[in-house]
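**Q** The primary structure of each chain is shown beneath.
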Amino acid sequence: MFTGIVEETGTIQAIKKTGLSMALTIAASKVTSDVRLGDSIAVNGICLTVTGFSDNQFTVDVMPETVKATSLNGLSKGSKVNLERAMSANGRFGGHFVSGHVDGTAEITRIEKKSNAVYYDLKLSPELTKTLVLKGSITVDGVSSTIFGLSDESVTVSVIPHTISETIFRTKAVGSIVNIECDMIGKYLYRFLHKTEQTKSNQTITEAFFSENGF
Amino acid sequence: MFTGIVEETGTIQAIKKTGLSMALTIAASKVTSDVRLGDSIAVNGICLTVTGFSDNQFTVDVMPETVKATSLNGLSKGSKVNLERAMSANGRFGGHFVSGHVDGTAEITRIEKKSNAVYYDLKLSPELTKTLVLKGSITVDGVSSTIFGLSDESVTVSVIPHTISETIFRTKAVGSIVNIECDMIGKYLYRFLHKTEQTKSNQTITEAFFSENGF
Amino acid sequence: MFTGIVEETGTIQAIKKTGLSMALTIAASKVTSDVRLGDSIAVNGICLTVTGFSDNQFTVDVMPETVKATSLNGLSKGSKVNLERAMSANGRFGGHFVSGHVDGTAEITRIEKKSNAVYYDLKLSPELTKTLVLKGSITVDGVSSTIFGLSDESVTVSVIPHTISETIFRTKAVGSIVNIECDMIGKYLYRFLHKTEQTKSNQTITEAFFSENGF
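Chains as they are written, first to last, in the numbering used here: chain A, 1126 to 1340; chain B, 1126 to 1340; chain C, 1126 to 1340.
Just so you know, these hints were derived from the structure itself, not from any lab.
Please note that the accuracy of each hint is not assured.
Copies of one chain are not kept apart here, so a pair can be met inside one copy or by any two copies together.
In silico DSS-like links for lysine-lysine, alpha-carbon gap of 27 Å or less [claimed, not checked]:
#1 1155 with 1239
#2 1255 with 1142
#3 1193 with 1248
#4 1141 with 1248
#5 1255 with 1205
#6 1202 with 1312
#7 1142 with 1312
#8 1248 with 1312
#9 1312 with 1205
#10 1155 with 1248
#11 1155 with 1238
#12 1312 with 1260
#13 1260 with 1141
#14 1248 with 1260
#15 1260 with 1238
#16 1312 with 1141
#17 1238 with 1205
#18 1239 with 1142
#19 1202 with 1141
#20 1238 with 1193
#21 1260 with 1193
#22 1202 with 1239
#23 1155 with 1312
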């Protein structure tokens, strides 16, 4: 469980591909300070398990399913990545539960600086936008962001200078691919609501429905 | 409160059945290192209270309700079990919010190795799947897992080699029974949504309802 | 933050009432071992601030609001109370997240011993049950408990012998009043869902809604 507050940006030291899976070695200082085997660390928003570590670097295994559903394939030696350790038990209940299970990717289609904020338009599938809500939360490469604009195929988020300087947002350009996790609560509500609708709409609003209700 | 990151596997030393309840004596080293009477330890995902301990073993009481709702009845002397101590205040939520209150059991119906991941199909009741969501979390024998496939009667989780080697997943086969805890967040939202649906549908659609909405 | 694992039962030495507020002096040994002015101690699940202490006793002030919302008024000299210190940095969440902010009281309406567990039916307001969920957590007089039964106006919890012997559950009878705190995660999600419902229901049922449904 994470909160979407990036702790530091690390650097890819090595990428070992074996068939469809991958092992990443990442240089970092803060998240390795108390690391142990089996710990969970979010790498660009993807929850990965630490399988090895030394002073200032750690290694993680990436399953085929995860490689396929994220932007990890676009990484190379020297790439910068957002890093966050799992939420600490005495941490604050942030406004946003992030599981680190990425739902898909999006493409940056517009970057616009307005006063002290930068607006990013992200093109993404309706499968993802359907569970989102205006002013709701979305995680972009592990960064918890607020949704300022929303349509069937795009989302607009606005990022403050501090977040840009502390994350890989600073390395992004129009055309960049980012990992997207939709807010957990929205996903649950969408599924429950549509399962109920499904059961209800199997009983479509028919003439009989009205007569049952005395019309 | 747990997080679904198993700390070690212990071994059943003795099982004492009294009527419908049970007392288990479990050999372990890591979770007994700082154990105290009254501590909570998750045994195959079930939160149990320590009622006795010595150097490398501890004893727990199991209520009839818990014996009935879980796979504990299938254990025997020498069985391996997953163990996790309650979240430490300075610990991290490497998995998700796990209460240790098991919701039911599931049967493993398929095990498939794909590259560096192993996929498990679990057959379980619609009463449990109704509160789950794709890419959501589920606890299997105390192991925090990601839902990669979901239907009314089954869930597919994928487990990385590290987790398999560190837990009793390594002892499981098709037909094995596992304990399931559904994600707490999903259960809450499901109940709230259906209570709201219930209150809404109790207000049958009346003449007044239509006029209020301008028809 | 507490976790609902009672450390010891203390004894009321003195109760000083001033208008609607109250000062309690409580005899205890364990929780006074490292006590300091300003520390938080949960008394029957109520987070109170230590305003004075000597070897084996401490004093706390109780605000009118807290006196009104809890069962403290029912205490007298010699009454036993459940005590728990705030989570220490190296403590463990053996129960669940407990804030010590009591939501209300409940009346015990049934006590039934079944094998090695005792079941308690608690009558409480729908305002409290609405945020609860089956197999979820609830705090009863500061004791973290699992919800085994739930209806609009009642909750059933089951308590193991160890917990009964270590807490004031042993002094309770049918008719006793207990303090209730509902699970923090449930309250948080309930509020979040109803805020979202409010935003949705502002979009009244329009002509379009009906034409979409074929009318």
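**Q** Determine for every hint whether it applies to the structure shown.
**A** Taking the hints in turn, this is what the structure says about them:
In this assembly of identical chains, the alpha carbons of residue 1155 and residue 1239 never lie at most 27 Å apart, being 32 Å within a copy and 33 Å across copies at closest. When the C-alpha separation of residue 1255 and residue 1142 is checked against a cutoff of 27 Å, the pair qualifies neither within a copy, at 34 Å, nor between copies, at 37 Å. Both within a single protomer and between protomers do residue 1193 and residue 1248 lie at most 27 Å apart by alpha-carbon distance, with minima of 18 Å and 26 Å respectively. Taking the shortest Cα distances, residue 1141 and residue 1248 never come within 27 Å of each other, neither inside one copy (30 Å) nor across copies (35 Å).
With identical chains, the CA atoms of residue 1255 and residue 1205 are never at most 27 Å apart, being 30 Å at best within one copy and 40 Å at best between copies. Within a single copy, residue 1202 and residue 1312 get their C-alpha atoms no closer than 34 Å, and across copies no closer than 42 Å, so neither meets the 27 Å cut-off. With identical chains, the CA atoms of residue 1142 and residue 1312 are never at most 27 Å apart, being 32 Å at best within one copy and 38 Å at best between copies. Taking the closest pair of Cα atoms, residue 1248 and residue 1312 come within 27 Å of each other both inside a single copy (19 Å) and across two copies (23 Å).
Taking the closest pair of Cα atoms, residue 1312 and residue 1205 never come within 27 Å of each other, the shortest separation being 29 Å inside a single copy and 36 Å across copies. Within a single copy, residue 1155 and residue 1248 get their C-alpha atoms no closer than 32 Å, and across copies no closer than 42 Å, so neither meets the 27 Å cut-off. In the homo-oligomer, the alpha carbons of residue 1155 and residue 1238 never lie at most 27 Å apart, since the shortest distance is 30 Å inside one protomer and 35 Å across protomers. When the C-alpha separation of residue 1312 and residue 1260 is checked against a cutoff of 27 Å, the pair qualifies both within a copy, at 15 Å, and between copies, at 9 Å.
In this assembly of identical chains, residue 1260 and residue 1141 lie within 27 Å of each other by CA distance solely across copies; the values are 26 Å between and 39 Å within a copy. Both within a single protomer and between protomers do residue 1248 and residue 1260 lie at most 27 Å apart by alpha-carbon distance, with minima of 17 Å and 21 Å respectively. For the identical chains of this complex, residue 1260 and residue 1238 are intra-copy neighbours only, at 19 Å inside a copy versus 34 Å across copies, given an alpha-carbon limit of 27 Å. Taking the closest pair of Cα atoms, residue 1312 and residue 1141 never come within 27 Å of each other, the shortest separation being 33 Å inside a single copy and 39 Å across copies.
In this assembly of identical chains, residue 1238 and residue 1205 lie within 27 Å of each other by CA distance solely inside one copy; the values are 22 Å within and 32 Å between copies. With identical chains, the CA atoms of residue 1239 and residue 1142 are at most 27 Å apart between copies only, with a shortest distance of 14 Å across copies and 41 Å within one. In this assembly of identical chains, the alpha carbons of residue 1202 and residue 1141 lie at most 27 Å apart only when taken from the same copy (11 Å versus 42 Å across copies). For the identical chains of this complex, residue 1238 and residue 1193 are inter-copy neighbours only, at 17 Å across copies versus 32 Å inside a copy, given an alpha-carbon limit of 27 Å.
When the C-alpha separation of residue 1260 and residue 1193 is checked against a cutoff of 27 Å, the pair qualifies only between copies, where the shortest distance is 14 Å, while the shortest distance within a copy is 29 Å. For a Cα distance limit of 27 Å, the shortest separation of residue 1202 from residue 1239 across copies, 26 Å, qualifies, whereas the shortest one inside one copy, 33 Å, does not. In the homo-oligomer, the alpha carbons of residue 1155 and residue 1312 never lie at most 27 Å apart, since the shortest distance is 32 Å inside one protomer and 34 Å across protomers.
Of the hints listed earlier, those the structure fails to meet are numbers 1, 2, 4, 5, 6, 7, 9, 10, 11, 16, 23, in rising order.
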